[in-house]
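Guided by the hints, dock chain B onto chain A, whose structure is given.
Number of protein chains: 2
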Amino acid sequence: MTTQNIYFFGDDNTEGDSSMKSLLGGKGANLAEMARIDLPVPPGFTITTDVCTRFQEVGGLPDGLMDDVRASIARLEKTTGKTFGGGSHPLLVSVRSGAPISMPGMMDTVLNLGLNSAVRDSMEELSGSGRFVRDSHRRFIQMFGNVVKGLDGEAFEHELSAVKKDRGVENDYDLSAEDLDEVIRRYMAVYEGQAGESFPEDPWDQLEAAIHAVFQSWGNPRAITYRRLNRISDDLGTAVNVQAMAYGNLGNDCGTGVGFTRDPSNGTREFYGEYLVNAQGEDVVAGIRTPLPVRAERAAELDLAGQSLQETFPAVFDQLMGLAAQLEKHYKDVQDIEFTIEHERLYLLQTRTAKRTGHAWLISQTAMVDEGLIEKSDAVTRVPADALTQILAPTLNPSEANRARHDGRLLAIGLNAGPGAAQGTIAFTADDAAERTNQGQKVILVREETTPEDIHGMDAAQGILTARGGLTSHAAVVARGMGKPCVVGCSSIRIDSERNVLIADGREFSADDLITIDGTTGEVFAGTIDISASEVLQVHIEKTRSADDSDICQAFDQILNWADDIRTMGIRTNADTPKDSEVAIALGAEGIGLCRTEHMFFDTDRIRAMRQMILSRTPEEREAALRQIEPMQAEDFRGIFRAMGSRPVTIRTLDPPLHEFLPHGGPEVEELAQSLGMSAAAIHTRIDELREMNPMLGHRGCRLGLMYPQITRMQARAIITAALDVAAEGIDVHPEIMIPLVGNVQELSLQKEEVIREAEALFEERGQTVDYMLGTMIEVPRAALTADEVAAEATFFSFGTNDLTQMTLGVSRDDAGSFLPDYVQYGIYPADPFASIDTSGVGILMQMAVDKGRQARPDIKLGICGEHGGDPSSIQFCAKLGLHYVSCSPYRVPIARLAAAQAALASK
Amino acid sequence: MTTQNIYFFGDDNTEGDSSMKSLLGGKGANLAEMARIDLPVPPGFTITTDVCTRFQEVGGLPDGLMDDVRASIARLEKTTGKTFGGGSHPLLVSVRSGAPISMPGMMDTVLNLGLNSAVRDSMEELSGSGRFVRDSHRRFIQMFGNVVKGLDGEAFEHELSAVKKDRGVENDYDLSAEDLDEVIRRYMAVYEGQAGESFPEDPWDQLEAAIHAVFQSWGNPRAITYRRLNRISDDLGTAVNVQAMAYGNLGNDCGTGVGFTRDPSNGTREFYGEYLVNAQGEDVVAGIRTPLPVRAERAAELDLAGQSLQETFPAVFDQLMGLAAQLEKHYKDVQDIEFTIEHERLYLLQTRTAKRTGHAWLISQTAMVDEGLIEKSDAVTRVPADALTQILAPTLNPSEANRARHDGRLLAIGLNAGPGAAQGTIAFTADDAAERTNQGQKVILVREETTPEDIHGMDAAQGILTARGGLTSHAAVVARGMGKPCVVGCSSIRIDSERNVLIADGREFSADDLITIDGTTGEVFAGTIDISASEVLQVHIEKTRSADDSDICQAFDQILNWADDIRTMGIRTNADTPKDSEVAIALGAEGIGLCRTEHMFFDTDRIRAMRQMILSRTPEEREAALRQIEPMQAEDFRGIFRAMGSRPVTIRTLDPPLHEFLPHGGPEVEELAQSLGMSAAAIHTRIDELREMNPMLGHRGCRLGLMYPQITRMQARAIITAALDVAAEGIDVHPEIMIPLVGNVQELSLQKEEVIREAEALFEERGQTVDYMLGTMIEVPRAALTADEVAAEATFFSFGTNDLTQMTLGVSRDDAGSFLPDYVQYGIYPADPFASIDTSGVGILMQMAVDKGRQARPDIKLGICGEHGGDPSSIQFCAKLGLHYVSCSPYRVPIARLAAAQAALASK
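Protein chains in written order, with this note's numbering: chain A, 1 to 908; chain B, 1 to 908.
With the rest of the complex left out, here is chain A (with noise of 0.2 Å):
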């Protein structure tokens, strides 16, 4: 049996199809489909991967090869009606590597290749410039010995801007015809000595170097530690694309342009699209020439009436606007194209499917399902989380933004933590932007790093940035938390806190200057930049517009509620506050999965009975203060039952060590010994004892708990105080009461006595019950390894994967960011693991959980509500661990919709 080694398209028998990708390459496939819907492309053929494979074993092109190659440039002659080498109309080729993958390290391009000085003057005949075809040559000499043979590029580079010394201009353009051929004369002389022979004139060298450079290209280095660390197999090969050259610049018939099917801005029904006469594709990316629209009214709101495409090429324009529909029906997408007019001939060089901003997702999408093009699942499908990330926080005016990176305003680029553009004065401290806020002011809050007694400042503040801390340090946590954009980990800026001065980029910035950030991009500005306001937040949360107005908010509803009939998993929020309730509610959510109770402690009235509790040295002390605290809690839980009404709220005890409540500075420490009456000594040796190496696995969690069951009493007491006055109003209330940081079984049956004891003994003293549901977070890897154990007392399981990947990892994600974003560019994490579960690893925990959980109690409940709730890999992860809900926080709440019916629709 012999094998086909070459698959050739663009003729009437295009032998490829997309399907074909592990033997033609994801480039060969892609071109052999749009061949085979007679689009226009320049005819080539492909050398399949088995090729490659064979090269391997043998080392060097299989036998027969090159007879197979010199068939089909006899077939593309025949087609392109050029000759390979020579004649009137000489057939240059471009030779690409593509590989079923696409991967990086390979041999990449090289174009114009079979020229050599005996096509040089039908060249010159047929472009009528002498100067373009000693160009072409130059380059392709250039190419061909850096990409092909290996050669040093710099040598190339340093000839001609000798000559271009020689003659005294500047730029590469500015050389004649006979100063490009001393160019050559050196690039030559250059191969030759690198080489060790003379540049090859014969084309059919040319094409069999190249195509062997391919081949042996994938074996080299970069591309072997590439595949290693993406777990590619070596086996796959990479194919070879051999295809006809089409040229924009042979004279003013001629042109190149890119354009899409629809507005990647705005996602209007409307090709928009840009090109230049006679240009080859580089140009028009190159920015030299200003590109001219494709279409004439766009040309007319330019100013540049009379130049557009369709007015100087009428047949081609008509042209193109049939391709982009038959594109549209097939592709059934908005498709991103590239093209050249050769002679005013129409070759479209490439389709993809387009980039665009998420408004333009939305508004494609819902028309395309409108139009009948697509069905609500594709739609669904296919819109990318990100879309709903940029349409629900405000954006930076687009071409003031650009302007400003490259005017110097661009002060530096942090992580992007929360999305969103903000504005305002510098606050350096959290009390300094409460007040500032309070007295009009907008203010960004700077700071090295936040901590849960910044939560007011992070809170009055219209975005956060800060020097240090990753993707979810408390700044990005909590800033998500509040959908406030927020920058950190942002290393090259200094914060001065002595002076209130932040430095960066080398200039100072003070109290009263003003800066922008953008957590979309994770940039920051000096200065002020036009923002745009999110039209959905103002429907739903501001109510400051209706949705009648608003096209975008109209389709962002229309896809999610497609989703919310697709997805089968529920959606819950982390919330704290009824005000976090209503936002989440509002944004779609059914139900709390963790309602962190610490927060509630950080306000000033209550803090300080918070720190009367820790300071306490008997239980009879400790209860006292905790007393002053119950009716505060209770009071939260009120609020946060009603605004949530039948929906369930998990309300977790308290979790983090007690040292984050105690003050930190000297002077506070006085005033607050002063208010209890207390030595400021003893309050040091308090802050002291409490001062941990690792508070990550500190005492913290259920820990303090049990050591402090008064704690946890107090807690149940208030929880089910609460859901007993809210269910006297008429709510039926579901309190699901989460003990956090359980590793032993034991652990959660004794602090489920304490909250069982005070349930029951509320309900006797009150002759009311109501019902709840006593859980647990499985965030300890103890907890999943043993977690039939932990079933047994649990009626539901919520994944706590921010701690568990932490536990699982041993890595510290406050702490990871001197290694992490070097381990996740290595591929040793195919992604932040803090971001989107590692499946490979954390989830075998979670797989173990989930089975020993259902093992031991069949209807065990199961969510998640660490900070991966709000990702979509992580959630389509959880749909196939068959979890009941995620939690995520209110702002994600649509990201999370979208991704689990996108999840249920993947399971299909």
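To be clear, the hints were calculated from the coordinates, so they are not data collected in a lab.
Don't take every hint at face value.
As the list claims (entries may be wrong) - Every beta carbon over 10 Å from chain A, so not counted as near; a handful from chain B, in silico: (1) 67; (2) 70; (3) 208; (4) 220; (5) 252; (6) 332; (7) 405; (8) 508; (9) 782; (10) 840.
Stated by the list, open to error - Stretch by stretch, here's where chain A covers chain B in the computed footprint (C-beta under 8 Å, at least three residues): (11) 256–267; (12) 691–697; (13) 702–715; (14) 736–748; (15) 822–829.
Built from N, CA and C at the ideal position, the CB exists for glycine as well.
Same frame as chain A, now just chain B:
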């Protein structure tokens, strides 16, 4: 079918034996066994645990039980010739609970049951003492009221005090018979007032109530909690033992005593015991009268000639010696007995395996093998690990220490972190400790807690005392590694580091004051107490004594030689220096399981280069600094390889976070800045950058080697260079390079590439090769979960159970002091999981790692190098997992050898 409710013992037809623990409880089965082999135990009977189960079901004594009890009492009357509740020889009994598993929380003991006004006269006649009978009576009322009826004990005490005050006497025994009549009257009134009924005069009522109380106590809350925490089934039930009382205080032909069949302090084959004439058991213990020796020889030594049991009751003495021989023959171990002589008749009240010193353990067991009493394997099975710990540690003179405990010299008690006693003046800094030791002083290093920078001071000091930290804190781990006496977590002491003063027990101690610490008990004393050095170490390590002089060293060697013949697991050691290696070999180590390369960097002349490396800003600077370190490391490794010879040596690449190497204090930073020609500010900045929130989970382990591959390369070169050098000397070296903190196989692969590249380069350069292994620690949960992937790249796994426990449980051992001790006390964990492997949590991960590792690489070598490697119960678990070796600190090697043999015997 009728079940037998009651089992009788002590007449010619004893019905139970020691195999019937589940039916008769531990105590009942043991009493039956003693009776069965004709030991003179007072007769009695046991009501079965089955009856308890029925009691719990019906909530009371089953029908017909009291009939069986009456029949058994009749049988007891017949056997003893006494009458229950009357007659000239009244039968009094004790009633005791006895579950199959010893457990607190249940009703314990009622003595003298059957006493009432009616039998008092006969009792008085028999004893000749009205005072004795009345005192017994009032005690019985109090015990019955308190234990059986649950009445308030204080009310009785209150009346007793009132009568004493009234009579103007101080001690109970100063009360006359008439006074006691008054006490009894008042007790009766208290009983009646609280119980609402008069005290039962009828002995049958007394007996029924006592039996009822025992069964009821099985269900009391404390017992239930205990069972739940210790996972004991509620269905086990308790038995009730009713036994005839025997009196040692009925006259001068009576007595009571305790004794050991061999000397419990040195193991000599001589009965060792004490007794009192005309006394009850509690009198011997109470210490009001001084007991007399059993043996005449001993009496002569104490100037008590003529007063020994041997001389006073020669027939009883002979009987006792016969019994001792019989007991040893039956129980095949040294027995600890209680006996009572009632009118020259000897009763054995209890026999149990004797507690004894380490010395006595070794001497008695080796002697028993010589005597043919037991097999070598019995001796190996029985010697507890603690015995060896004692033998290897210097010890305080026991009687002097005892005096010191009572005369105010005992200052504090901390955690017994490193066994042995040490004394010296106080050094408050490591430098001071080193300097004064150089000047010939003996010092105890006293620190808040130690850091790696203190190593030289710890090494110099006689012992270490810290105020903070747990049993696996830095001080504890390092001290055990060095074999130094160490007390940690001594929270009642304070160190005023400004004034250089230690404050303990309200007193201040300066650098000139002498203190003594006992790391075996955790005690800290003021001043000096005689210390005896370990004979075994004198023979094997210090070589200042010959084994021929030392019985104990001979017994030690004998037991361990037997253990070596039996065990199947290898024993390695954790050693970082040639000196450690030599000690470990002398104590039987077969290799190094963990050589920590970082400890080599804290020497004064090396730390500078290390700091320079850390402070480098470019790879080139870093490499330059590392080039200084490389020869030092190579020299270290040569020393270790030479010391270890052909034994395998596992070397771990750099593990601790870099900030551990940087100076902390300002002056030290200044000094460093000068010596490196940097600004102090730059160093402070770097220190700040390296500061971590949770260093345990931070930038350490292989994460260092991945970010700074130069370090791994340098270490690989140093190891391979040293191995080649030593191999060239004709030694068959076996280096095993171990990569720490791997959580993802890619980390290992990348580090492995670095090592292999350096090794290959050196092999080529030197034209010589050496075999080496490359493996990893399993200390991150994720590594265990993905052990199949990891094993594909590792030829060995070494469990780092310290970190594995920290991460799996989410507990920082440095911070666990505030809750872990309570956790162990509550029974949440059966033992400190940092001392003994948490087999039901961490153990699951270890089992997964072993299974998955073997599945991917069947011949993978498996070991453990955490602190648990020296813990007997953990060693047993390791044996069950099928590990090839355990590795522990040098001074734990003998214990590990013994424990491994015990594990091998247990698995048979």
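Cross-check of the supplied hints:
1. 67: Given that every Cβ of chain A is farther than 10 Å from that of residue 67 of chain B, nearest at about 41 Å, it holds.
2. 70: Non-interface label on residue 70 of chain B holds, nearest chain A Cβ at 43 Å vs cutoff 10 Å.
3. 208: For residue 208 of chain B, whose nearest Cβ neighbour in chain A is about 35 Å away, the distance exceeds 10 Å, so it holds.
4. 220: Holds: least Cβ distance 16 Å, greater than 10 Å.
5. 252: holds (55 Å)
6. 332: About 38 Å separates residue 332 of chain B from the closest Cβ of chain A, which puts it past 10 Å; holds.
7. 405: holds (29 Å)
8. 508: holds (18 Å)
9. 782: violated (4 Å)
10. 840: With a cut-off of 10 Å, residue 840 of chain B comes too close to chain A, as the shortest Cβ separation is near 7 Å.
11. 256–267: violated (count 0)
12. 691–697: holds (count 6)
13. 702–715: Coverage by chain A holds for the stretch 702–715 of chain B (3 residues, Cβ < 8 Å).
14. 736–748: With 5 residues in contact (Cβ-Cβ under 8 Å with chain A), the coverage given for the stretch 736–748 of chain B holds.
15. 822–829: Three-residue rule met by the stretch 822–829 of chain B, so holds; n is 6.
In this structure, the hints that do not hold are numbers 9, 10 and 11, in rising order.
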